[in-house]
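Q: Taken in sequence, the protein lines are chains A and B.
Using my numbering, you'd call the opening residue of the first sequence number 56 and step up by one each time.
Using my numbering, you'd call the opening residue of the second sequence number -6 and step up by one each time.
Note that these hints are calculated values from the structure, not bench results.
It is possible that part of the hints are untrue.
As the list claims (entries may be wrong) - Computed cross-link-like contacts, DSS-like style, restricted to lysine-lysine with a CA-CA straight-line distance of at most 30 angstroms: (1) A:537 with B:30; (2) A:570 with B:30; (3) A:483 with A:537; (4) B:29 with A:537.
The structure presented is a predicted model; accordingly, all values stated were derived computationally and were not measured.
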Amino acid sequence: MESDRSAWAEAVRAGLARYDEPLLRAVAARLFKPRNQWPPDELAARAVATLSNTPVIDRRLKELPPSPRHLLATVGRSRHSTWTVGQLLALLGALGHSEGLAPILILLDTGLAVPVLTDAVKTLRDWEEWLSASPTTARLIIPPPIADRATRDGLPLPQLRGKKFDAKAVHVADGLEWPLRLGVLWQQLRAAPVRLTQSSALFKRDLTRLQADPLLGAPLADQTVDVPEAGVLVMGMGIAAGLFVAEAGELRAGQFPSAWDRGLVPTIAGLWSALPGIDHWDPLRGYLLTEEGAPFPTVALPALLVLAAQPDDLWTHPADVAEYLLTRHPSWVTVLHGGADDAEDWTEAMFLGWALPLRLVEATQDGEGWWVRLTAVGRHLLADGPAPDLHSPFPQSLVVQPNGDVIVYRQGLTPGLIGRLSRFADWKGLGPACTLGLSAESVYRGLESGLTMADITSVLQQHSAHPVPANVLDLVRRWTGKRERITVHTAATLLEFTCAGDLEAAVARGLVAQKLTDRIGLAAGDVEYRHVRLLGNRDYEARPQQCLKFNPDGVTFTVDVAASDLLLEAELSRLAEPVAADNGERRFRITPTTARAARDRGLTVAELDQWCLDRSGEPLSASARLLFAGGGGVAGEVRRRVVLTLPSELVTDGVCQWPETADLLDDRLGPCTVAVAEADLGALLERLATVGVEVRDDRTAPGPP
Amino acid sequence: MADQPPAGRLPVKLHRRVCLVLTEDAVLAEELLARKKLAQDVAGRLTDKVLLVRPGRVEAVLEELRRMGHTPQVVGRGG
Chain A
56 MESDRSAWAE AVRAGLARYD EPLLRAVAAR LFKPRNQWPP DELAARAVAT
106 LSNTPVIDRR LKELPPSPRH LLATVGRSRH STWTVGQLLA LLGALGHSEG
156 LAPILILLDT GLAVPVLTDA VKTLRDWEEW LSASPTTARL IIPPPIADRA
206 TRDGLPLPQL RGKKFDAKAV HVADGLEWPL RLGVLWQQLR AAPVRLTQSS
256 ALFKRDLTRL QADPLLGAPL ADQTVDVPEA GVLVMGMGIA AGLFVAEAGE
306 LRAGQFPSAW DRGLVPTIAG LWSALPGIDH WDPLRGYLLT EEGAPFPTVA
356 LPALLVLAAQ PDDLWTHPAD VAEYLLTRHP SWVTVLHGGA DDAEDWTEAM
406 FLGWALPLRL VEATQDGEGW WVRLTAVGRH LLADGPAPDL HSPFPQSLVV
456 QPNGDVIVYR QGLTPGLIGR LSRFADWKGL GPACTLGLSA ESVYRGLESG
506 LTMADITSVL QQHSAHPVPA NVLDLVRRWT GKRERITVHT AATLLEFTCA
556 GDLEAAVARG LVAQKLTDRI GLAAGDVEYR HVRLLGNRDY EARPQQCLKF
606 NPDGVTFTVD VAASDLLLEA ELSRLAEPVA ADNGERRFRI TPTTARAARD
656 RGLTVAELDQ WCLDRSGEPL SASARLLFAG GGGVAGEVRR RVVLTLPSEL
706 VTDGVCQWPE TADLLDDRLG PCTVAVAEAD LGALLERLAT VGVEVRDDRT
756 APGPP
Chain B
-6 MADQPPAGRL PVKLHRRVCL VLTEDAVLAE ELLARKKLAQ DVAGRLTDKV
44 LLVRPGRVEA VLEELRRMGH TPQVVGRGG
């Protein structure tokens, strides 16, 4: 995996940074023998630099015992730098080394391997502490320069019996089977991501989706063996190769690796290096979920290395490879239910079902069954053979039909073309000639992935054996043009100026890409602060800011222009109308008309109350509530009443409480006043008189002049 | 232009992380606003061709636009 090989220095630096100082000094002393007492940061930096220093690496490798040296060479051949301890133990076993963890600990002690630490590990004091938490699933990184140098010494692999014969038919794949299926799954993930459990396993529904997909499970162009659950294998390859990205429990389509544009050999190399990540698939059983991962990578890698150890022209029987590995590999037997026979079937299925379509091996048959050997690509990757020239001699391999279907002949197909076609055309059929379809949706997908209309039409025109039908080009033009009709900005930066002249000046300075109103423009990239003086700064994903101040009348309010935002403008236009203000302030008022209009549009009092709280920090005023809610559907009442004023609040409390008088009262109007029905007044005054409360009747008294 | 020394700093209010829908013409904006499910996620209309989307509702707006048969160009997130 290319990112894996280029990101190693950062991963190693991150690992060393969490070493406890005594551990770091001990490792550095073995790695490059520091002459000074450098501080830990510098020590770590020098250790990372040493890992690219070829003469020092060669000296350290020479000092190693055979088992860690062989492990490094195997990792080097894999072109993958991050491994679990369990996988490395399995590889050591497959190579015939039975010292357990010792070779891995030697690599850690000498700084030739560095743990990939989880967030839970703040400081690493010793290896035992690190390994105790997850003895086999703990991961470590082996820097590619170390592993690459180690491959020069070779591996202690056997010369198997083999056979030389003039094969009648040799099965060699074009190496495009997996890139094609990766393109198919990439499209499917763009349309609907696959959900993953916490342990990165598949949910039943998604597993069924992968199992049942007719394209992912389509027969290989040169089918020699059934590939069980090819969709799961493709998914594993895509994840390990970085084409599919697991994010928040979902597997999504990522970017096509740049290696695909560099040709078939770099693409195959990338997919080969993804092997250690395919840990949920088995050549005989398909989807295989185990806690420590399927043994597929740790059997397939040494099996291919065994082939690499054979002479170029010798055919090897899968059974011989199986026999060699079965007694050595520590965990392979756990997935083999039929012993040696099963091991032979497994090895054959692995070679023919995975390595043959990947163009790592070629195969032939005789009376003894299948025989395999490495291809030129396999020899290049596993035995330092020269890089073969796999350049396609037929660049014009497409036929675009007037109905928008595209036929692609495999002779001219390249991984780069597969990647580009996958982005803007739907795969419909895989075979010696593959079929794709152009549609509005597929072209839209291509545009969303970053292609332009010119990119799409030039791919069709450059690779088409005949002129592309004019109606298809017209359709593509129309579909891409349709996309120009609506643009959605998910996180735009807008600049609001105080006057139109400033906006024009900002356009002239290149600060604004597009004018939206006479004062507001869409920022062109990052804002250059040397050109502007900030009056306000609003983040629309943050909570709304308080920017209104209500007057005592409860319906008129003033806007704090510095704190307000564009959403407020839209809200105000629905709720209130502007009021003239002398001092340049922006003032608005809720009126019966605006309140009624807002209510008619479905705004509730509760929503308005929340809006007032968000925008002014105060609840909805009584007067505003009156305008919005009125009487709440309850009718008022007009009655004629006499108002009785009593001598004190205490006396009024007593009159309201004593049942003899309370029954004759209407409502209490204030601390010392109550309302009484005219008909009850006489009886009330009599009862008050009995308890010594005198009341003067002013109703007949003359009013003021 | 941006490399030239600024003639003066322009007073400006910055609105960050705003969700907008820009339409080709006003009629299209009207068409979008006539769609009830879409209109409820639109906070307001900045101009006759620019709609302001409520914070956090941009994915729903995109989904509804696609359901309407539009193929909007999305700016501001990974493709």
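Q: Hints first: check each against the structure and report whether it holds.
A: Now for the hints, and whether the structure bears them out:
{"no.": "1", "hint": "A:537 with B:30", "in the structure": "22 angstroms, holds"}
{"no.": "2", "hint": "A:570 with B:30", "in the structure": "28 angstroms, holds"}
{"no.": "3", "hint": "A:483 with A:537", "in the structure": "25 angstroms, holds"}
{"no.": "4", "hint": "B:29 with A:537", "in the structure": "22 angstroms, holds"}
Checked against the numbered hints given earlier, the structure satisfies every one of them.
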